[in-house]
Amino acid sequence: MFQLVKLQYKSFFRSASMGGSLFAKIFAWLGIIYFTLMAIAIGFIHGTGISVLNPDADNKIEFPFEWINENLIYAFAYWIVLRYILQKIPIVNIRQLLLTPMKKSKVIRFAVNRTNFSTFNLMSIFYLVPFSLTVYSMGDLDSNKLIFWNISIIAIVYITNYLNIVLNKRDSLVLIIAGVLILFRALEYWDFLDFTVYSKIIFTSFYNQPVLVLIPIGLLAYTYYSVIRFFRFGLYIDTGLQVQVAEASQDDFKFLNRFGEMAKFLRNDFRLIKRSKRARNTALMGIGFVLYGLIFLWAQDIYGDTMLIFGYLFSTGGFMFTFCGLVPSWDSQHYSFMMCQNIKYIDYLKSKWYLGCLGIGIATLLASPIYAYFGLFHFVAIICCGVYNLGLNSYLTLWAGAFTKSKVDLDSMKNAMGDSKAFNSKTLLLTIPQMVVPVVVYLVVSKFFTPMIGCFAIGILGAVGVFFRKPVFKLIIQTYKTEKYSTLSAYKETN
Amino acid sequence: MIKFNNISKTYSKQTVLDVESLEIQPGQAFGLVGNNGAGKTTLFSTLLDLIKPSTGEVLNNDINVRTSEDWKSFTSAFLDESFLIGYLMPEEYFYFVGELRNFSKKQVDDFLTDFEDLFNNEILGGKKYIRDLSKGNQKKVGIVAALIGDPKVIVLDEPFANLDPTTQIRLKKIIKNLSKKEDVTVLVSSHDLQDVTEVSDRIVLLEKGLIIKDIKKTTKTLKDLESYFTKE
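Note that the protein sequences, when read in sequence, are chains B and C.
Going by my numbering, the first sequence wraps up at 497, each residue one higher than the last.
Going by my numbering, the second sequence wraps up at 262, each residue one higher than the last.
Please note: incorrect hints may appear among the correct ones.
[Claimed, not checked] Part of the chain C face toward chain B, derived, beta carbon under 10 Å:
hint, residue
1, Gly-57
2, Leu-109
3, Leu-118
4, Leu-240
If you're looking for bench data, these hints aren't it; they were derived computationally from the structure.
In this text, a Cβ means the ideal position worked out from N, Cα and C, and glycines have one as well.
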């Protein structure tokens, strides 16, 4: 086991992009500490029955313990979906290890056990423990029973952890879970059926009958060994590690011809989105961000308009941030080819910029009718945020790309244990400066004038940016040229 | 003409390439031999501006490859799989390279008819993306793509490795035909002395980054090279 830990340690510290990786790691850790503290704090607050989002005295929940048992079922469903989207499956690069004189089961167990320490699991413990302490101190609950209840719930959390590993390859199952979740929520909302009445009985019984703890524990053991078995028998070069090949067909995307010189590059990007699972997920996730503004719209009372701008920037620029944030990593597997071909940097980057702009355009088109429903201000805000993304953030994303040297494995779906997650904390990190500036501009301008003028200020900034394309591109190209060699060598790295 | 002036590459004190001067005339079939780590790929990479040399400059038809991108219009290469776009079908890949080199679809199709033998019905018209082809077939795709669009300088790193005997023989024929053209310079590297001597008319032997031999091919060349590598 120790050798495997050492391998992981080496692969992290010896990677070429170690500097950037370390920086991102530090930020990731700060984020983890923040969320841990939040989980603990929310645990305590929920324990007292005070609503976190709306801390009015009349909203206080009288029996927090009943409340949590009612809502746990949703928490688990959300957790599964969220895990599927965000949680990386930390499996060591296993193919090489198959031929070493290490027992297969040992390799697998190491990889699976690593997931035990995933933030998703620890976070729920950080929430549950302070919650339980508070409800215990406030009410007349039995301490022993409460401990057994905690064990049961944590066991279920771990069941979702292992389920996620197996589900990871099956998009349809997760879509079904998400669909059922939405259906039950809707049924409950329109008073057809309150599913939580039944689930509450189940979860409460873990408290009332501590013996029932054996059920989740048993299920946990069963899922754990199923995961081990799943990999144990899926791990042959010709079965588990290779997926049957889908029949290929040619795609010309003729409508792209109107983009002239850019068409040849755009065509390949469209093919990439169509044919690579990872690219497709990233693109879909970007489009999904269109709805992101709704969260801030509903929470407007708490966060105010300023955060609304933040949400709208994501709504219109989601695709640009997630997909174009991985330029040039999408071409990492054939970057040396691109660098030798008869391609001018300007054409290459411009085509990526067009793609980003296309994404912003479509997202803005989709978002504007949705948000216009809530009033003229929201419509104007969406348009202005779209323009800002177009005129300024698109350049920043491209520019930042020159420093993003993480290799994207497009064929990872061939690998049963490959990391097929369309999420990169580093690229999300880089969006912070892109968000802070417009939000601050809005905050200042709307303070002195009206919120509407605040939006216009953002829009004008973006519109000005559009006119600076030529000099800005010159700068970006210069950066790409200086970074070229280290990018090439970083892409050569495997894993 | 290709000129390497005082090119060297050093990775933390270890020099992997040190070529004082090397000139390759247009129309030459240039072969590069040497053991693993001799610097063959490094030399080609400096020509293609894929790595930054520690000293010196490379001129490709009087264009400094590091300061201008103009050499890209008449130079093509296939070094390894990173020259393939896995998610494209072979046809799409050929058309894409054609577009970059101002070849119409029709011209690419005509061009590809010469390679029907080489492809052996396994590449064109199949229902596979390049990523799903076998290693050997991937290599064929990469090499043929490097020949599209009448490039004047063609760089092939280890083109014969991992190919089956029939394909090797066909490929040698293709390379020989290419180098017959007056203005086309072909640069080939290989471990296999026989392959290299067969296709090139000038052979340079690299060892630990240094040029040990630089010879015009004669009937004795293969023997010479073999005796060099067998010496203690």
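Status of each hint after checking the structure:
Residue-level restraint check for C:Gly-57 is violated (minimum Cβ-Cβ distance to chain B is 21 Å; threshold 10 Å). Hint status for C:Leu-109: holds, given a least beta-carbon distance of 7 Å to chain B, under 10 Å. Below 10 Å, beta-carbon pairs count as interface contacts, and C:Leu-118 has one with chain B at about 6 Å; its hint therefore holds. The interface hint given for C:Leu-240 is broken, as the beta carbon of that residue sits about 23 Å from the closest beta carbon of chain B, more than 10 Å.
Hint compliance for this structure: hints 1 and 4 are not met, and every other hint is.
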